[in-house]
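> The listed protein sequences correspond, in order, to chains A and B. Once you know that position 468 of the first sequence is 468 in my numbering, the rest is easy, because the numbers rise by one and skip nothing. Once you know that position 254 of the second sequence is 1254 in my numbering, the rest is easy, because the numbers rise by one and skip nothing.
For the record, the hints were derived by calculation from the structure and aren't laboratory data. Glycine included, each C-beta is placed from N, C-alpha and C at the ideal position.
Partial list, derived from the structure: chain A residues whose beta carbon lies under 8 angstroms from chain B:
id: 1; residue: Asn-130
id: 2; residue: Val-133
id: 3; residue: Ala-134
id: 4; residue: Val-143
id: 5; residue: Ser-145
id: 6; residue: Arg-151
id: 7; residue: Pro-152
id: 8; residue: Glu-276
id: 9; residue: Gly-317
id: 10; residue: Ser-320
The chain contents come next:
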Amino acid sequence: MESAGSQTKTAAQPRRATLGIDSYAALQSVPDEMLGPDGKIRPVWLPLLDHLEKLPPENLVRSLARANQYLRDSGVFYRQYGSGASTERPWPLSHIPVLMAEADWEEISAGLIQRAELLEMVMADLYGPNQLVASGHLPPSLVASNPQWLRPMVGVQPRMGNYLHFIAFEIGRGPKGKWWVLSDRTQAPSGAGYALENRVATSRAFADLYSEQNVHRLAGFFRDFRDRLLQEPLNSDARIAILTPGPWNETYFEQAWIARYLGFMLVQGDDLVVEEGRLMVRTVSGLRPIDLLWRRMDGDYVDPLELNPASRIGTPGMVSALRSGGLSMLNALGSGVLEARAMMAFLPKLSPLLTGQPLAMPNIATWWLGSPAEREAVLADPSHMALSRALDTGLPFENDPPAILASSLEWIELERRLAAEGPDLVAQETVSLSTTPALIDGRIQPRPLSLRVFLARTADGWQVMPGGFARIGSTADPTALAMQRGGAAADVWIVSENEVPAITMAPPRRGPYRRNAPATLPSRAADNLFWMGRYVERTEQVVRILRARHIREAESGRGAEPLQNALDILLEDYGIVPGDPIPEGVIATLSAAVGSAGQVRDRFSTDGWSALVDLEKTAKLLAGKVAAGDDAARALSAILRKIAGFSGLVHENMYRFYGWRFLTLGRLHERALGMTGVVSALARPDAPHGALDLCVELGDSVLTHRQRYAISTSRETVIDLLVLDPLNPRSVRHQIDQMMAQVSELPGSVGNGEYSALARAVLRCQTEVATQTPETLDTEALDAIAEQVSDLSVLLTEAYLR
Amino acid sequence: MTTYRMQVMFQYEFERPAGSGRQLFRVLPTTIPGTQSVESANIRIDPDPVETRDFIDFFGTRVIELVMPAGITELEFVLEAEVHRAAHQIGLDISAPLGRMAVEIANQRSLNAASPHHFLAATPRIPHVPEIAAYARKATSDAATAREAVEKLGLALNRDIAFDAEATDVNTPPAEAFRLKRGVCQDFAQIMVAGLRSLNIPAAYVGGYLRTLPPPGQPRLVGADASHAWVRAWCGADAGWIDYDPTNACFALGDHIDIGFGRDYDDVAPVTGMMRLDGAQTGKHSVDIEEAPVQNQSATPSWTPLALDLGPKSRSRRTEDIVREPS
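Given these sequences and hints, build the entire structure.
Rendered as structure tokens:
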């Protein structure tokens, strides 16, 4: 933008043309977000277009790259399920935000708030008196056959007073320019966190513009929602947690992200246990109560005991806790019943009945085909009708099988299906969407859009997030059905004519400043951190051994065979089959580290995560192309440097509390085991020539050895330096000293002069090593120490990780 | 009115100490005004559970919720109860003509436990099976009313399916048992429920006990009785719910003692368990029911609250259902 000021208007004209601004035109009979009904550019878009046309092409490329870089750096991904394997994909961002004037947005908001109120009333009735069924306004069979109408929840009052607290609506703009609700998301809608990420990324791409425009900020919405939850009368020691299905869920990233953003604990079903009617989380400090749970999984999966017995991600007794009033949950269990597509056939009639007003924003015209009159209507005119399952949820194009056009069936077949499956089907008017500009091959072109809008219940009632998550179609086909072919996401800017207030997440100051106690650590998280520490350290050891092997191969070829054999035996202890220059086992160990880290994304800096993922990627890349010998040795050195980089990040940046302690314990434990193994194998009396030097090399202590002993290696000097010397950060003694220090800080470890079983065992181990000399430490004694160290992992697991 | 004394026993042994577990027991006879009442009920659990609670579930079944302590190697659950049960006669057929069923069902505007609307949709354990539907259509081709259809289908199943305690287990799908033409009461009931639902007759799965009538002059066999399952069909607004036992080819009129009903086995499973187990487990289950001496019959049968010890703490995880119905 440095050159923007010098741009003249005439110079901008060709730029306008190359960007396609002048030639941008709405599609036939489809409204457009940028062009008004009169074909003129809506005023709210003018500053953005102005900005775009003044931006030299290379700056535009750089701007968009900044947004992409942000998304990559913050690790934004979603999990995509395909044929068999699931993969993590980077977030596809359509860089041009969708702009909307504040006045238009207020109309949308009012309509959606009314709908939220309506859905709350329907929910209260379905889990309460069931008047809507009794009075004939809702067909009983529709409710009874809905698997999300959770019978154990009937009659259970929500402790928070309301059933719905955080919901979303998918909306689209129809041919006449009016907005329609396409689907109701009342279960556990995702996307709000992604919307925030899209905002950050997009505002990086158009930083100047964003700060000049009066774009409504999103943080206030989250702050007010969080503050509402914090208002719940919680027990003093209780916490708020977000319940996730786990890292295999497609939106796990977002759940971890929101947990970090709001400062809530992220838990999985297995972390939780119900005790005396209260929900507890297993932590390294024992069971701790949770009073409020924001669930991000479908209701029926929450409790395998009383709900779906096939669930492996729930917590037995959760329903019992809700029934005894020991837990608040949002949204209330069973809220998925409102999402059924067939409900949209009845909401237009329920609205005047329950709210006294017709729906301010209509939903897609929907007919439930359980009634003969509706079936006949569809048969009479099947054009413009899409058929789908009555109890499916979400957008018509999201389901499997997706909706089909009624007119695509032979009339006879249509009649047969309606007769046979009527109550299971709905007909919906086929929807076309409006278009919005997307930047495709450097030109802006119209692409269809649907919009997910989020609503949260705050202390002042429903609040609409001023923005949203826009889905942009991959082709120009504006029919909603075409959206199933994938697409991108875009930010939504609600632009005010007045200045918008800056907002932070910081809560208002009440009373003197207090530093909160660090959040407690769930046992599962501790377990994953411990194992991540172990896997990363193990990778480092294996890479060192492999590198030593390749160096010897490069230097002395066949002559080094005895040493290479000794190394191969060591590698086998790690389960590594030597053969490829960088064997599969190395990658597997690294992937295990990434897997463990992925389980605790909410406790991890994005830098640390990126470094680890980058390390794995590099290793995979190199494994495929290096040759044995010198080439491999250099590649392995590069990997070692990356491991050191990751360890440095963790060591320098991670808050020194339980999480860090378990990660550290994992690393220390693995290093103690590894070093004992190396010394035991290579410093034995019958080891081949050169084994002692190799030992020191694997212990990364070549320089130290030279300085400390000033003689060539002997069995005594090697054992002294690599096992007994407390000042060598690679020695066994050093690892055990550090383990003692860490274990002493764990809950219930040392107190009143009493030691826990784990602390006693570490102390015994420490004493054992400290009282040895190089002379007494033969192979047998080394192996005994290895066994003692190995047992520590078992004791640690029993005490903290279950 | 007959009074039964019953004892229901579940025994488990675990190969290795089991983690603690949350268990739901649906074993208590229910109260049906005019038909069944519970004079007394006592439950003994060994070892003592750390938590006990009881509640009435959606379909009206009394559920006992237990949390067992960690590290147990065996568990014994014994229910002793005295139950009054009236014998009924099967009356005139006032059930709906089959052609009217759809309208009669649609006119039921309720979602309470007795509403027929719960009992038409397929469930995970009783899915729609085209072969069973075709069989049911054939077996009931000359039935005019809902009750006739129930009886004809029940008789046909009893004729065509052999009782065989070895052929199936608790998780055998009805399609599989139907293909084998073998099974126990659970299989009979599941197949019949699937068949009735395919005929648009709302059908529930009923869990309970059966007192086996001893042959004349012989003492009844202790332990021969067991948890039982049969079918409850909604036969129109006038006739309401009618119980039929396809295993014994009879309407359930007096020899059956109800625990509860639901859409399928999962709604009435005697034990829903959440033990955290590493090793194998073995289980025993028995039911003894005998007629009580006449003088014990009380004029005002009532529910006796359970007296159970309460204690602290536990954690749990799920294993497979651990009890099947042997008859």
